[in-house]
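Just so you know, the sequences run in chain order A and S.
Going by this note's numbering, the first sequence wraps up at 333, each residue one higher than the last.
Going by this note's numbering, the second sequence wraps up at 340, each residue one higher than the last.
For the record, the hints were derived by calculation from the structure and aren't laboratory data.
Here are the simulated DMTMM-like cross-link-like pairs (lysine to aspartate or glutamate), alpha carbons at most 25 Å apart as the crow flies:
(1) S/Lys340 <-> A/Glu333
(2) S/Lys321 <-> A/Glu45
(3) S/Lys321 <-> A/Glu46
(4) S/Lys235 <-> A/Asp96
(5) S/Lys174 <-> A/Asp296
(6) S/Lys236 <-> A/Glu46
(7) S/Lys86 <-> S/Glu101
(8) S/Lys271 <-> A/Asp43
(9) S/Lys302 <-> A/Glu46
(10) A/Lys313 <-> S/Glu204
(11) A/Lys119 <-> A/Glu305
(12) A/Lys329 <-> S/Asp268
(13) A/Lys329 <-> S/Glu327
(14) A/Lys119 <-> S/Asp206
(15) S/Lys304 <-> A/Glu328
(16) S/Lys321 <-> A/Asp282
(17) S/Lys281 <-> A/Glu46
(18) S/Lys235 <-> A/Glu333
(19) S/Lys102 <-> A/Asp41
These numbers were taken from a predicted model, which means no experiment stands behind them.
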Amino acid sequence: MIRTNRLFINHLDFLTLKSIIILISVFFLCIQTSFASSVFDFDEEEFTINSMWNRVLELPKEKAPKIALVLGGGGARGFSHIGVFNVLQAEQVPVDLVVGTSIGSIVGAFYCAGMPMSKAEELAKNFTWKSVSDISATSMLSMLFTENLLSNEKIETFLNENIGDLRFDQLQIPMVCVATDLNTGERVLLRDGSVSFAARASATLPGIFKPVEYRQRYLVDGGLSENVPVNIAKLFDPDIIIAVAVSADISKNSTDNVFETLMQSIYIQGKALDGENLRQADIIIRPEVGEISAIDMAGAYGTIEKGFIAAKKAVKQIKIAIINKTLEKYLIE
Amino acid sequence: MNKIRILLIVCFMLFPFLSFSQDFVESKISGSEINEIYTSVYNAKNKKEKTALTELLAEKFIEKEQYSEAEDIYKDLLGANPSKKKRFEYYLKIGDIAVLEKNYALALDYYGKAKSLYKKNVMVNSKMGDVFLMSNLYNLAERSFLEVLSVDKNYRYAKKRLGDTYFQRGLYSKALSYYEQINNAEDDKELIINMVASYRNISETDKALALVREYLSKNNAAEIFFLSGLLHSDKKNYDLAEEDFLMSIKLDENNFTPSIYLASIYYDAGKYKQAKFYADKAYLLNSSYAATDLLNAKISYKMKRIYDARRYAHNAFIKAKTPFMKERAQQLIAYLQEIK
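Pulled out of the complex, with its shape left as it was, chain S reads as follows (with noise of 0.2 Å):
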């Protein structure tokens, strides 16, 4: 790769005299498009239009996750001397490459050159916000926002990533307090999801529950109707709560987590062959939990069938992770083991 790097700056500190070998960069990429670009980085008039095309062809490594041959060659750009606005366009490119590999370090070295241009700017403040966010630093995350919502106070991914810190810290009420204000919060789904966790977080069960319900009336989403079923069960709604559920496995059958609530619901109503159905449904989707087992346990019991209660009783222990799980199946063993 370091090839690619060396023939480019080649290229353009010796441009237009030089001439180097296509083929050998050809082997080097993947993708004929890729090739194409390359071609015409070739055979460009002009440093403006090669610059141009040289970007296309990193954004292009990019969208083919060759993120180190992306990053080599904004490096190269910034080699070339460009104005301050290209540098700090570029500064920007790095930074985001760091973030899709993960290098949040990396990140924050080229989003602060990039800032240390343009102070003010909204778009490297948000940028470090969202690294500050992903490390969990979260007073530093507070201030990028913050600072971008003092140059552009309608900046809606700003509000939106500090109500994000926010709700990551635990404020509820303070990250609704910006989630609120973001236009047409109903057609966000992400957003739907966060504002429905934090309404629920601070007991507003009905403000949550008019976020889902105009959200459904548009889309139809497994996940917000999930949400929705919990809402419902936490109004103790369950005939609603059991709509949802199941609204939510019949757009996506594969889920775990709708079934073992529905079975439980049909649990708590006394439903125990529908609540076996849908454990049994759960079990087979996902069988490393203990919960799973030690609801099957109660359904069986109340079916009468205490010899399966019993071998789920010990298959909860078995698979419990946490002392809590541990406790609940070795209580019901006991339980159990008392019948005769």
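Just chain A, same shape as in the assembly (with noise of 0.2 Å):
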């Protein structure tokens, strides 16, 4: 790997100079670029924006736009949704309902339960497939002879050591986790009993995990039906949806191996679910983790970055939202 970058660097250095000065000569003839900025440069639409979202923070809840957060499945990539939740926190954007699915849901529990999200970064650092799950080698080597699926029961015993044994009625904020009907392919929204089963069962990877037995129904991960459930926010009827949005680039995964090919089959449905389901969002944040695989734990903390930077960028998009949904009189008076 290190004697292919260095051949890359080289062949760089060499045959690809006169291409990146070609480039910057295109570049500079097409665009009249200004490098002069000073602290009082003054955007006036950012000044705007800060002094109408001081009057918002001021008004009682029932004079504010009412705010659904949806965050998506992904596996590893959904812990990106933890540097969403951190730039939401610092720029106090309300959130009134948490629609998850998957990853989302785990991720949506530790918020609505109020987990600091430095615990939760914590946690991403520290997550693994054994510490949710019953994955190994030799599990899985022994589930491909004895056709037995693999439990995730770990999931609710993490959460419950995490969160506590919540009900989500005992929840700070309100939330929907979105599952599977294995047998129907129905969407199932959990909505109440325990956070902790809700999140697992709509956590429940097909074709490696025991679908998980809810009320005649046979549970899995809700990413079969709704990867990013932004239909289902919609049933709430908030007025301002943001999605945020962790799906695969499925052009840059591998299909090495017969779990990488079952998360890719994955991939694909998701995709065309997700493009019709987001069109329907106000806001759609995208960090950029498209190409970590959903299994990768090992990339899940670095994907919290990713989540943050992104939502920063959508941070001023979010406000004008939340300002031209907030009516004049409540703004001036």
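Each chain sits in its own coordinate frame; assemble them with the hints.
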């Protein structure tokens, strides 16, 4: 790998410098770029947004627009939701409802239960498949011979240990977890009973983990029916829907083994679903995590910053949407 | 200019046998200092002295922003078969001139030639990094500065520019990881400004405030007082923000931005008279912004001057440059129209 990089760099040094020079020539012919900037440069839009934002924050809850946050599925990529929450908290963007699928349900549960995001970051740093399931090389091998699926019951234990064994009505912010009925393909909304159980059902990867039994249904990952469940959020009639999509870049995903091929099949199906769903969101946050495999938990922690960066870019748009949905009389009085 | 170039080439080729018209060159260059250097070049006793004086002449042309004259001289010096070290130096100089003329492609061409002589040289890699950064080619800029740091891990400039590269890409934590390694950062105003913006972007307001406090304990700068005001505003410490904005205005009275921010703080605090005073001051300094009219409309509304408020709101609509600003002006106009 190192050797390849070196070869690439040498190749770049000798052959592409000319191309870069041409590129820069074209760039500066096409664009008149000003590099002059000063602390005193005035961005009137930012100034107006921020001064109105202060008013929005002072409004009583009933006068402020209702905001739903939709957290998509994507395994390890979904830890970028933590970075998104970091930004929303820092900017004091109010969230009135969280709708999550799969990892979106797990991270959403952290947030809605009131867990500090610094703790969520620590959990992401040490997160392994082993800590939330029976997955191991031996168990995978045994699964192939015995056809017995693995258990992800440990997700419940993991959540209970970290947020407590909470019911939905005990959450600080209302939340809905989305799962899929394996027999009918229907989406199933989980919003009562145990939060940990619901998040586990929402994150049950089909073909690897045993479906979770729930009221005469067998539930698997919500990503099969609603990977970014904007449609579900719409049912609750919010004023603004912010969707966080952590979909895979299917052109870059590896298909070297059975597990990765299975994941790729899910991604392909999810891509079609996501497009339809995302069109209905007011704001879409897309952390640049498409190249990270859903099963690569070693990469989970690194996605937090990607979520932070993507959310930071969307903050202005979010504030504009909220201000524009607030009645003028509330902004001026 | 080509004539100067030809003369210099001939001079180098035939030295010391040839003499040429001093009057001609003197007519082409301005300034007695340059003329004196030129005379010295003409009278130089040997090639070494002539080269040194010619280099000095080129420097003087650069000082006087006569870049093409300087460039021609360096090209001539290159034509005189100089040592590898000198060739490297002249390539860098021509690259620097190209940067001054904002011809980044040419700069890169010459820096590339210099780099082919000394691949690992920190200066050429830094300069190439700068050009890449100015051209928004962040990955290449990053690579250049990292290459510098791989040779000299304490190279201050590379750390700063690598931080700038990440800063411009919006990777604020990564930018800070390099900025924070720089010694005596508190004395570098430009660095302080980028660090404060980075801390602000990652919501580390306290660290940003500590930095500006340290800077302001030794220096007075309108920009830093303004930044400090913004940080106090972020923390909703409006009294402290007011103090800092006032200080920034005191140090640089003709600056629009602190005045409008101060007006906004007074408006939020319900101090409408002061708000009006500073909004008017901002308006006098720059009347092109819809934001000033929008704020003035709101202040007038609060002062129960509905007619003025409507006028300002209409002005804001006319001046609005973005859909959001137009929408806000429109909403305000509609609201004010309903008031009798």
